[in-house]
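Participant: Going down the list, the protein sequences come from chains X and H.
Using numbering that gives the first Met the number 0, read the first sequence as starting at 0 and increasing by one per residue.
Using numbering that gives the first Met the number 0, read the second sequence as starting at 0 and increasing by one per residue.
To be clear, the hints were calculated from the coordinates, so they are not data collected in a lab.
Mixed in with the good hints there might be a few duds.
Partial selection, computed: residues in chain X whose CB lies under 10 Å from chain H [to be verified]:
#: 1; residue: D77
#: 2; residue: S79
#: 3; residue: L94
#: 4; residue: G263
#: 5; residue: T275
#: 6; residue: V288
#: 7; residue: A293
#: 8; residue: K323
What follows is a list of derived Cβ distance ranges for each label pair [unchecked claim]:
#: 9; chain 1: H; residue 1: K2; chain 2: X; residue 2: M298; range: 53 to 61 Å
#: 10; chain 1: H; residue 1: D143; chain 2: X; residue 2: K104; range: 47 to 55 Å
#: 11; chain 1: X; residue 1: R178; chain 2: H; residue 2: D21; range: 28 to 36 Å
#: 12; chain 1: X; residue 1: D77; chain 2: H; residue 2: T19; range: 22 to 30 Å
#: 13; chain 1: X; residue 1: P201; chain 2: H; residue 2: D143; range: 48 to 56 Å
Each residue gets a CB set at the ideal place from its N, CA and C atoms; glycine is no exception.
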Amino acid sequence: MKNKFPLYFLVVLFVPALSLAGEQYEQMQSLLKKMHKAAHTMNYEGTFVYGQRDQLSSMRIIHSISDNEEKERLVSMDGSGREVIRNGNTVTCILPDTKSVVVEKSRPSTKFPPAFPISVDRLKAHYAFKIIDGSKVAGRNTKKIMIMPKDNLRYGHHLWVDNETGLLLKTHLLNEESRKLEQFMFTQISFLDKIPASWLMPAVSGKEFKWYEAEKVKPDNEKIKKSSGWYVSSMPKGFMPDMQRKHMIPANSMPVEHMVFSDGLSSISVFVEESTNEKKDNLMGSSHVGAVHAHGRKMNGYHVTVVGEAPLAAIKMISQSVKKK
Amino acid sequence: MNKQFEERLSALIDGEETQTNDVFSRMQQDDELRQRWQRYHLISDVMKGYLDGQSFPDISSRVSQALESEPTILAPKRKPSRIQHWYKQAAGFAVAATVATVAVVTVQQGQFANNEQIQTVAIDTPVRNVKFLAVNDPAHPRLDSAVESKLSGYLVQHNEYSVTTKMQGALPYMRIVSVTPGKRIMKISDEK
Numbered sequence: 000m001k002n003k004f005p006l007y008f009l010v011v012l013f014v015p016a017l018s019l020a021g022e023q024y025e026q027m028q029s030l031l032k033k034m035h036k037a038a039h040t041m042n043y044e045g046t047f048v049y050g051q052r053d054q055l056s057s058m059r060i061i062h063s064i065s066d067n068e069e070k071e072r073l074v075s076m077d078g079s080g081r082e083v084i085r086n087g088n089t090v091t092c093i094l095p096d097t098k099s100v101v102v103e104k105s106r107p108s109t110k111f112p113p114a115f116p117i118s119v120d121r122l123k124a125h126y127a128f129k130i131i132d133g134s135k136v137a138g139r140n141t142k143k144i145m146i147m148p149k150d151n152l153r154y155g156h157h158l159w160v161d162n163e164t165g166l167l168l169k170t171h172l173l174n175e176e177s178r179k180l181e182q183f184m185f186t187q188i189s190f191l192d193k194i195p196a197s198w199l200m201p202a203v204s205g206k207e208f209k210w211y212e213a214e215k216v217k218p219d220n221e222k223i224k225k226s227s228g229w230y231v232s233s234m235p236k237g238f239m240p241d242m243q244r245k246h247m248i249p250a251n252s253m254p255v256e257h258m259v260f261s262d263g264l265s266s267i268s269v270f271v272e273e274s275t276n277e278k279k280d281n282l283m284g285s286s287h288v289g290a291v292h293a294h295g296r297k298m299n300g301y302h303v304t305v306v307g308e309a310p311l312a313a314i315k316m317i318s319q320s321v322k323k324k
Numbered sequence: 000m001n002k003q004f005e006e007r008l009s010a011l012i013d014g015e016e017t018q019t020n021d022v023f024s025r026m027q028q029d030d031e032l033r034q035r036w037q038r039y040h041l042i043s044d045v046m047k048g049y050l051d052g053q054s055f056p057d058i059s060s061r062v063s064q065a066l067e068s069e070p071t072i073l074a075p076k077r078k079p080s081r082i083q084h085w086y087k088q089a090a091g092f093a094v095a096a097t098v099a100t101v102a103v104v105t106v107q108q109g110q111f112a113n114n115e116q117i118q119t120v121a122i123d124t125p126v127r128n129v130k131f132l133a134v135n136d137p138a139h140p141r142l143d144s145a146v147e148s149k150l151s152g153y154l155v156q157h158n159e160y161s162v163t164t165k166m167q168g169a170l171p172y173m174r175i176v177s178v179t180p181g182k183r184i185m186k187i188s189d190e191k
C-alpha cells in the first residue's frame, strides 16, 4: 500500500495537466483557424508599421473579397512609391525606385477560401505554445499567441489576434536568442462592407517602367521537361518537402527548379538553375531581407539559392545539402 | 606637459583617476590645458555615442562664423602649431578608451593642416569620422543591384508557396515594399 500512494499521486497530478495541454492545443488550433479565415475573407483597410533590425516604415494595406476572389494591395507610405498587388493568380510588384514592374503569374492554383495550412499536432514536436490575453492593438482587444521553438533552427512567433474578427493585428518574430528580429503592428484598421475598386488600383501607371512579365517569357519546353533529380540530403528536424516544381522566373529567361520545405510553420525555398561563371546576378554567400535569410553557392555549372523565414544556420544547412541524384 | 600627466588627465575623464586637486589647480592657470581638457571630453563623448553627429557640425559652423567676424581675437597665428603639437602627443596617447578615435583624427590631420580655421576643423573632424564609420558598416555591405533584383524575384516565388503567406495573405510582402532600396537586402559578410 505504501508504494502505491505515490503512483496515485502521480496520476492525480498528471491527468489534469495532460487534459489542460490538450485543451490548449485545441484552443490554439481553433484560434489559428479563425486567424486564417479572417485574413482571407474580410474586407478591411488599415495602416501598419513594420520594423526590422534598426529600420521602421509605415504601409497601408487593403484587402477585398468579392465573388470569391481576393484582391490585396500593400503600399509604402514612406515615399518610395513601392507597392505589391495580389489579384487572382497574379502578383504585381511596382518598384518606382528601380523603374521596374515585376509580374508573377505562377501562383499556386487556389480554391476559395484556401485550405488551412497548419496542424498544431505536427508543430508540437518542435514548438511550445501558449495563449494569453494580449494588450490592445489599434484600439482593439486581442489574444496573444506565443509559439516558441524548441531548438535554434527556427524562429519564435508572438501573434496578437483580434478578439472580434480573428484578424492578425501585430506580430513579433523572435530570433534564436529570443530577440525581436521583425515586428509589425496595425495602428489603424477599418472593417468595411465593400472596398471601392479604386483603392485597389496602383498609384502609377508604370508605362515608363521596365516590365518583367512571367507569361511573356517563353519557356524552353525541352529544358522544363528534363528530369531534374535535385534533392536535399539533410535539413533541420521536422522539415519535409512541401512542393516541387519547375518554372520560368520573369526577370530571368532560364528555367528554375523550385523546391519548398516546411516544418509546418516555417517555409524554406530552394532554387536551382543552370548558370555560367559569367553570370553576375547570383547571390554568393549569405544575405537577409528582414527576417528572411538567403544563401547562395555555385555547384558544377548550377547555382543554388536558398531563401526562407528561418535562422541563417537552418538556411545554410539546407544550402550545403543540395545534391543531384 | 609630460606624458604621465597627460595619461592622468585622460584617466580623470574616463573616471579612473581620483587624485584631482593638482590637475584642477594647474588647469586654472593653464589655458592650453583647459582646451585640451575640452577636446578630450569631446573625444570621449563621441566614443560613447553621446553626440548624434547632427548637432555638432552646426556648432562648428557657428564657430566658423565667429572666427570670420572677429579674426583678431579668435584666430591668432600660433593656433595651428598648437594643434599640431596636440596631434603628436595624441599619437602616443595610451589610454584605452580614446585610442580608436585618436587614430582616426591623426589620419585626417594632413588634409586640414593648412586650413586657417583649423580649430573648427579639429572639433568637427572626429564627429564626422565616427559617423562615417557607423554608416558604412563593413559587416553589412549592400548587395549588388542585379543580385538584389534577382533575389527579390525569388522572394516573391518563395512567398507564394510559404505557410506564412497562406496564413497572413499579403503581409510577408512588407519586406519588399518597405524602406529604401539598397537598405533592404544586406550582405552578411561571414564568408565569400
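Participant: Could you tell me which of the hints above the structure violates, numbers in ascending order?
Facilitator: Violated hints: 5, 8, 10, 11, 12 and 13; rest satisfied.
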